[in-house]
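*Asks:* Listed below, chain by chain, are the residues.
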Amino acid sequence: MYVLIYALINSFILSLISLGFALVYSIARIPNFAHGAIYVATGYVGWLLINRLSLPFPLAIIVALIFSALIGALIYRIVLIKVRGMALSEIIASYAIGIAILEILRWGGLRGMTFMLPVLIPGSVEILGVSIDYQRLLILGVSGGLLLFLYLFTHHTKTGLSFRAIAQDERASLMLGIDSDRAALLSLSIGSAICGLAALFVLPLGNIVVEAGYSTLIFALAVCVVGGLGSTAGVVAASFILGFAQTLTEKLISSHFQMVVALLAIIGTLILKPSGLFGKQKELEERV
Amino acid sequence: MELLRKERVDRGIKVRTEGIYAISGWQEMLYLLMPRLLLIVGLLALPLILGPFPYWKRVINMMCAYAILSLSFDFLANYVGLANLGSALFTGIGGYLSAIFSLKLGLPVFLAIPLATLMGAVLSTLLILPTLPLRGVYFAIVTLMLPLLFCRIIEALNILGGTNGISGVPGFEKAFVEEYTVILVLLGFLFSLRRLVNEDFGLVLRGIKDNDQAVRASGINVTWMKAIAVFVAALLGSFVGSYMVHLYMWAGLSLFALDFSVIPIASVVIGGGGTLVGGVIGSFILVPLSEALRAFGTLRIAIYCIILTVFIVFKSEGIMIYLQRKYHQFERWVKV
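Order-wise, the sequence lines are chains A and B. Sequential numbering from 7 applies to the first sequence in the working numbering. Sequential numbering from 164 applies to the second sequence in the working numbering.
Isolated chain A, as found in the complex (with noise of 0.2 Å):
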């Protein structure tokens, strides 16, 4: 029961980090390396906000959020415009960004293990007999209503509807005047706000360490992996595949394991069905 009930949460933490790597992807077509950096960094601002400036939590939530959404569109508009469409430079420039960053913040004093984000409601509660603290709730709450948000927000907004016509096909898509450098820096901006959300909430259970950013990152990439680039359905589905797995190795051979679990899935699934569980992407693009 502990594990079905922990691996759950452990899958909807999963699918809350990755929902902004796979947006940013499905839009723009950009695999935005500097996911991970974002994600610490997001985190990181927010610890400043309450504990150097003593905001509340709730308004350095949203300050935090609107820093990641900023942070997002400017490495867009300065240096992913000029590198769209080459794979190679768009990975190597984003990355690069993402190391930069993560090391700024490791120079500038984000060491060791005295950074904690508080948690909103403190407390615990038992359910089916095992005790869950409110945060591990709050997670399932806030990413299954990021989950219901994104579905609205496609389906029934002009921009949403935008971002979609984008995804299938770019260039009818501007024959109709959507601007695709417009949808494309806002999918980064939301992406790395939805990215921030995820530090917000999942980084409370542990510490603020710079290390986090390269496993967040690999963790996104394994999740859209297995679920396939781009598609939001292919999320949800190898979140809880992997969240299963990871938990269960856990569980049953020791917490190393879990990222050689979230490594081989990667390359497992590359090797079999590049495009993963649920892609729609063509098979001449991805292999010879």
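Derived from the structure by calculation, the hints contain no laboratory data. All C-beta atoms, glycine included, are put in the ideal place defined by N, C-alpha and C. Hints should not be assumed to be uniformly reliable.
[As the list claims (entries may be wrong)] Just so you have them, the derived chain A footprint on chain B, three or more residues with Cβ under 8 Å:
1. 170 to 177
2. 311 to 318
3. 418 to 430
Given chain A's structure and the hints, the job is docking chain B onto it.
*Replies:* For chain B alone, kept in the frame of chain A given last:
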């Protein structure tokens, strides 16, 4: 107002030296040989010039090692079209193999290095083989993950010395052997790769980069050609790994570190992709720079990444292509 436009024209001497007339006079021969001789003689003389500074002599070794890695990245990325973000896989495998060969089998350094280079290249190629049909982003993701996977497996299973690594690997006997091994190997790899990419084999590889379907339609086995290319690149990387192990007399998880993947990429972008020499020049700039910035600790990596991004955005051709243009062509303003 008169409208002017800049025009680039090849220098006369460049045109003359393209054919048999290259050997018509000492000026022509010098024009062709100068840049190459500058690199060769400069590299060979470097340890002698820096004789009084033993610390900077160590830096030359690292510089050459990274130059070899950037050759490997440049060859795969710009001649075959495989974005290999994990050169650390090659260095890691080569390094650990070399440590095992010299400690478990008791081989001398000069047998362990070539053997580890060869075995490492074979092993890395076999590991990458199943992912070779992948393209673009997909291949990049796999290669980024492989070194991390090895790192985590060694850590989790606590094999090969675990997080402590394997110490007590025999080093080089004399300092000059240590320096000239890597310099000569770098020059050898550089000129033989330049030769290789201009052979028929190189032509096929460039064909794969531009349009793999067309190459396949010509009845050439694309995956096999890519596998050979990866083998060549892995040969370079594994050599660096095994050299590094004997240089520091220690093999550890840092052989799979991010540095071995990131610095070569940065060097190639700065030096100019697709020229092979570009990566070498890039690492000759970046590695000493990073030594000079050692006081900043991990901020060094951030600095390279920023330099890298600036080059990608503002000067994507790189230093080498710029220099080549200045050397071969002159510019003048002409009326439109």
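*Asks:* Against this structure, judge whether each hint is valid.
*Replies:* Now the hints, each set against the structure:
1. A count of 0 residues in the region 170 to 177 of chain B with a Cβ less than 8 Å from any Cβ of chain A is obtained; the coverage claim is therefore unmet, three being the minimum.
2. For the region 311 to 318 of chain B, the stated coverage by chain A holds: 5 residues have a C-beta nearer than 8 Å to a C-beta of that chain, and at least 3 were required.
3. Counting residues of the region 418 to 430 of chain B whose C-beta sits closer than 8 Å to any C-beta of chain A gives 4, which meets the bar of three, so the coverage hint holds.
Hint 1 from the list above is the single one not met by this structure.
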